[in-house]
Amino acid sequence: MTSRDAKEALGKFTRRQLMELDTCAHCALCTEYCPVYMETEEPGHAPGVRSSKAVKLYDKQHGLRARILGPRPVTDEEVEELSDSAFNCTFCGRCMEVCPFGIQTHELWSKVREVVHDLEGTPRNVGMLEEMLDESQNPYGLDPDSRLDWADFTDLEEIPEKDKAEVAYFVGCTTAFKGANHEVAFATASILNMLGEDWTLLGEDEWCCGSPLLLAGDEHSAKEYAKHNVEVLESRGVKRLITGCSGCYRVFKWEYPKLLGGDLKFEVLHTLEYLLEKLESGELKPEKTDERVIYHDPCELSRLGGLIDEPRKVLAYLANDWVEFAEHGIDVRCCGGGGLLQASNNEARLAIAKKRLDEAKSLGAEIITSACPSCKLTFVDSAREHEVDIEVLDLVELVAKQLGIL
Amino acid sequence: MALNGALSALYSFFVTKLPYITIAVFLLGVTYRLQRWLSAPKGPEGPPLHWPSALKYVVLDVVLFRKTYKTDKLMWLVLVLFHIGTGGILFGHMRGFHLWSASMFEVLGHGFAEFMVHTLPLYMGWMFLATQIYLLYRRTRLEGKQLQSLANDYGALVILLITSILGQGMRIFPPEAIPTETYSVVFIPNLIVLHLEKVPSHHWFFWHVLFTQLLVMYLPWSKLVHVVSGVATSALYGSRRRKYDL
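These protein sequences, in sequence, are chains A and B. Taking this note's numbering, I'd label the letters of the first sequence as residues 1 to 406. Taking this note's numbering, I'd label the letters of the second sequence as residues 1 to 246.
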């Protein structure tokens, strides 16, 4: 890497982000709310330390001294340290929510990862994920042909793949390729069929939404994925896109317009919003369960996506007895499943989730529910690893279960 | 005698020449800071500034420290007292520059006016010092564990602490005989003139003058830039919440 490359990479911080880096007082008020730091207790994983490291490197190339005397080289060790900090983060956005200055850390850390990517400091596992995406358009490196295998595994009878449809169900890679989530896709498809909706799947034309690429700091490739998915959806005349994945939802709703430089021609809905519509209109009439249910807000859906009340309204149709975590809604504590932490520090991911599961158990919950395949997968993995006895269901599965179709 | 002569020259420099340097360095710093930010790429359009939400979160988060209250009650108390101290001390100094006078409190009684201009500032000074010492203690306690401070994180706090110690020293140490003309300290003729009611302790006063100016010079280069930029980031955060309907 040449010093010109380093200068260019570090020069990617936008005006707002640079102002935010300069504003960060390194007060450490965010530290005890960072799920990764609280697990690893590694100083480098604290959000404020990440900010210190980033601004230090920026100043080496662009600071006052660099302007007068010339830039100083960025060492491999410094890049490695910044990378370790950047990738030991779940991208949950909690640090933004507790920051006294409201620094928009989700975007800031995303830029730090982009800088690390350009400085060639991306961790090996994350780099492999990018390679797999290149080859198969999904982060698991599985054959694109197998994107609809979940339908075979769940014995779904009707699998519409139409040239034109009002509604498209964007399954998402973690739902399509991870066994723990196959029933989420089955539940969604079954409900759409039950309602007689004019809907379609995209099949092999569905590419990853690009979220992992953004999380890996590769905005350039993410743009290609966004372009492809939007073209496919528009060519099928889709008016409403439904997805049950919080990551896909957030990226479609909030990132695609930024990546593509304009509004989308179709409406983006999380499955829960769609289900709430149908529950409120009386088209869906589930039975209520008497089991105690607890709802975990996916960070990308709540704090970073703007959907906090909707899942609770859905839950009110499903359970007679449901409880809240102490930290919920905009203040939710991450399950550990975000930010590609599985690739960079799986042990921390499972330990973070265990704390959440333990809290759910201590509140007497029999079912922990969420609205994100990544949260579900993390809870399932952690419950297995740490032998926590609790049923983990996506909220869509709970709807289907209470409708008697699952 | 020689030392006294040198000191007198130095003190005279603090009052008559340094203010020009202070203003120049401060303006240079403001220019540098703005240029540093404006030379960065603009980036994709963020949420448009929504004034009511921006104002709401500036009041909640910058004025009332809502988020700090949620996260750390002791720190919230310290920050509130620290900022009350800052405001009170700045306000108190304005009397010396004839921006207000003690007579405005006379309507509430002479005793109250005395309390406001003589008793309260002394206690506010102690409180201000105590909060700074806590902030410094907290930073050193968490250093290397939860934070990795940069030099300028300490720089601003240390200069402020020294300035405050010197200012408080002026109040508690007995005054010395100094030339009568220092009752009115002319920093910049017809622009910045400090009128002193009492003769302060000589050395404490002039070193306080020096460190106050160092603090002003350092302000735009330091972490204290958050005084201004923190308002902007909170306003942008408020607009973001509006955009995401939170």
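Think of the hints as simulated: they come from the structure by calculation, not from any bench. Careful: at least some of the hints might be erroneous.
As the list claims (entries may be wrong) - Under 8 Å between C-beta atoms, here's a sample of chain B residues computed to sit facing chain A:
hint, residue
1, Ala-40
2, Lys-145
3, Ser-149
Unchecked claim - Here are the simulated DSS-like cross-link-like pairs (lysine-lysine), alpha carbons at most 27 Å apart as the crow flies:
hint, chain 1, residue 1, chain 2, residue 2
4, B, Lys-73, A, Lys-223
5, B, Lys-42, A, Lys-227
6, A, Lys-361, B, Lys-243
7, A, Lys-253, B, Lys-243
8, B, Lys-56, A, Lys-355
9, A, Lys-12, A, Lys-56
10, A, Lys-288, A, Lys-258
11, A, Lys-56, B, Lys-145
12, A, Lys-253, B, Lys-145
13, A, Lys-278, B, Lys-56
14, A, Lys-354, B, Lys-42
15, B, Lys-243, A, Lys-12
16, A, Lys-265, B, Lys-243
17, B, Lys-243, A, Lys-355
18, A, Lys-223, B, Lys-70
19, A, Lys-227, B, Lys-145
We treat Cβ as the ideally placed atom computed from N, Cα and C, and that holds for glycine.
Here's how the hints hold up against the structure:
Because the smallest distance between the Cβ of Ala-40 of chain B and any Cβ of chain A comes to about 5 Å, under 8 Å, the interface hint for this residue holds. Hint on Lys-145 of chain B holds. Least Cβ distance to chain A is approximately 6 Å, under the 8 Å limit. Because the closest C-beta pair between Ser-149 of chain B and chain A is about 5 Å apart, less than 8 Å, the hint holds. A distance of roughly 44 Å separates the Cα atoms of Lys-73 of chain B and Lys-223 of chain A; the hinted pair therefore is violated under the 27 Å criterion.
Taking the CA atoms of Lys-42 of chain B and Lys-227 of chain A, the gap is about 23 Å. The hint holds against a cut of 27 Å. A distance of roughly 35 Å separates the Cα atoms of Lys-361 of chain A and Lys-243 of chain B; the hinted pair therefore is violated under the 27 Å criterion. With a C-alpha separation of about 12 Å, the suggested pair Lys-253 of chain A and Lys-243 of chain B falls inside the 27 Å cut-off, and the hint holds. Taken as a hint, the Lys-56 of chain B and Lys-355 of chain A pair is broken in the structure, with Cα atoms around 34 Å apart against an allowance of 27 Å.
For the hint pairing Lys-12 of chain A with Lys-56 of chain A, the CA-to-CA distance comes to about 15 Å; that is within 27 Å, so the pair holds. Restraint check: the Cα-Cα separation between Lys-288 of chain A and Lys-258 of chain A comes to about 41 Å, which exceeds 27 Å; the hinted pair is violated. Restraint check for Lys-56 of chain A and Lys-145 of chain B: satisfied, since their Cα atoms lie roughly 18 Å apart, inside the 27 Å limit. With a C-alpha separation of about 38 Å, the suggested pairing of Lys-253 of chain A with Lys-145 of chain B is violated against the 27 Å cut-off.
The straight-line distance between the Cα atoms of Lys-278 of chain A and Lys-56 of chain B is roughly 35 Å, outside the 27 Å bound, and the hint therefore fails. Taking the CA atoms of Lys-354 of chain A and Lys-42 of chain B, the gap is about 41 Å. The hint is violated against a cut of 27 Å. With a C-alpha separation of about 24 Å, the suggested pair Lys-243 of chain B and Lys-12 of chain A falls inside the 27 Å cut-off, and the hint holds. For the hint linking Lys-265 of chain A to Lys-243 of chain B, the alpha-carbon distance of about 19 Å falls within 27 Å, and the restraint holds.
A distance of roughly 32 Å separates the Cα atoms of Lys-243 of chain B and Lys-355 of chain A; the hinted pair therefore is violated under the 27 Å criterion. Between Lys-223 of chain A and Lys-70 of chain B the alpha-carbon distance is near 38 Å, which puts this suggested pair outside the 27 Å criterion. For the proposed pair Lys-227 of chain A and Lys-145 of chain B, the alpha carbon gap of about 43 Å is over 27 Å, so the pair is violated.
In this structure, the hints that do not hold are numbers 4, 6, 8, 10, 12, 13, 14, 17, 18, 19, in rising order.
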